[in-house]
Amino acid sequence: MKSPALFPLALAALGLFALPHDTPALAQGFEMSKSGDQQIQVYADNGIEWHSEELRVIARGNAHAIRGNMTVDADVLTAHYRKGPKGDEIWRLDADGNVVIRSPNDTATGHKAIYDLDKAIFVLKGTPAKLVTPTDTFQATDSLEYWELKKMAVLRGDAVATQEGGKSLKGDVLTAHFKDKDKTAPAAKGAAKPAPQPKPAGSGAAAGNGDGGGLELQRADAYGHVVLISNTETVTGERGDYNAETGIATVSGSVKISREGGNQLDGGWAHVNLNTGVSKLFPVAAGGTDTGQRVQGIFIPQKKGEKGETGRAGFTGNVPSPRTGDQ
Numbered sequence: 001m002k003s004p005a006l007f008p009l010a011l012a013a014l015g016l017f018a019l020p021h022d023t024p025a026l027a028q029g030f031e032m033s034k035s036g037d038q039q040i041q042v043y044a045d046n047g048i049e050w051h052s053e054e055l056r057v058i059a060r061g062n063a064h065a066i067r068g069n070m071t072v073d074a075d076v077l078t079a080h081y082r083k084g085p086k087g088d089e090i091w092r093l094d095a096d097g098n099v100v101i102r103s104p105n106d107t108a109t110g111h112k113a114i115y116d117l118d119k120a121i122f123v124l125k126g127t128p129a130k131l132v133t134p135t136d137t138f139q140a141t142d143s144l145e146y147w148e149l150k151k152m153a154v155l156r157g158d159a160v161a162t163q164e165g166g167k168s169l170k171g172d173v174l175t176a177h178f179k180d181k182d183k184t185a186p187a188a189k190g191a192a193k194p195a196p197q198p199k200p201a202g203s204g205a206a207a208g209n210g211d212g213g214g215l216e217l218q219r220a221d222a223y224g225h226v227v228l229i230s231n232t233e234t235v236t237g238e239r240g241d242y243n244a245e246t247g248i249a250t251v252s253g254s255v256k257i258s259r260e261g262g263n264q265l266d267g268g269w270a271h272v273n274l275n276t277g278v279s280k281l282f283p284v285a286a287g288g289t290d291t292g293q294r295v296q297g298i299f300i301p302q303k304k305g306e307k308g309e310t311g312r313a314g315f316t317g318n319v320p321s322p323r324t325g326d327q
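Going by the numbering used here, 69 is the number at position 69 of the sequence shown; the sequence numbering is gapless.
Bear in mind the hints are in silico, worked out from the structure with no lab data behind them.
A few of these clues could be false.
Said to hold, decoys possible - Straight line, CA to CA, 27 Å or less: simulated DSSO-like cross-link-like pairs of lysine-lysine:
#, residue 1, residue 2
1, 130, 83
2, 125, 151
3, 170, 112
4, 151, 130
What the hints assert, rightly or not - Using C-beta positions, here's what the derived DEER-type ranges look like:
#, residue 1, residue 2, range
5, 243, 50, 45 to 51 Å
6, 177, 266, 46 to 52 Å
7, 277, 225, 19 to 25 Å
8, 52, 85, 16 to 22 Å
9, 258, 147, 32 to 38 Å
All residues carry an ideal CB built from backbone N, CA and C; glycine is no exception.
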């Protein structure tokens, strides 16, 4: 095998074509595969190795892959390419060490990533892998997948989505569906903003300078050991979903609703309005099979003059299963 070509420059640079797409360049979310015929520029402090027979390029030391307003940063970047009608086309990027995938308003971080430009999907691993938008934070201990065309993230392993105000949805697996955030909407107070990265002259637009509004959560679904936390209560169950546009969440499967002071409701299906703080608990969801199950509530009264004290004798109430339309 021939030895790889090596560019031992203080700042090495290489330009390769990315896969062509008909979709014009956009500054919304993570869209490295949707930037027309723009090249991907690869930079590295410690040099670039070109393995021509294996059709790959390895950039080492503070490496950057830049396409339009999108960047992928890592200690080491490997670009896999193939021969195309307009030249060498990158179809996959592998990133290792201190990985940052950045659009103008959204940032994903981890320790290892594979960005498949053919499929328009990247898979990020970290402890945890994290995605930060102008209004929300998502993280998972095993992996975070982002699907460009569907604008969807899949998080696996102790997954959690957190919104401003302390609201959060947790589960073993969590899926998040996004829309493009209104460009005129102000970013949430305290939302993480990527630090600007200096780019070599001629490298194209730097990430963080676009006018896109970033990603905005539409809906999230959680599976396994689900925990929904609001300002007033904690809801646990086996499956949950949250509509960010309406503020309505539902949780099903051995549901428990707990509030400060030890008060607790047990049932099979919960309807929670995170905007009003009103929760409803039922044996089954509307249209479900009536099994005769009852909803049980345990309420612990406070002793007069001792605000917030718990541990007093409580009472248990049973509520009959609702008839159709009661919900």
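Checked against the structure, which of the hints given earlier come out wrong? The structure breaks hints 1, 6; every other hint is satisfied.
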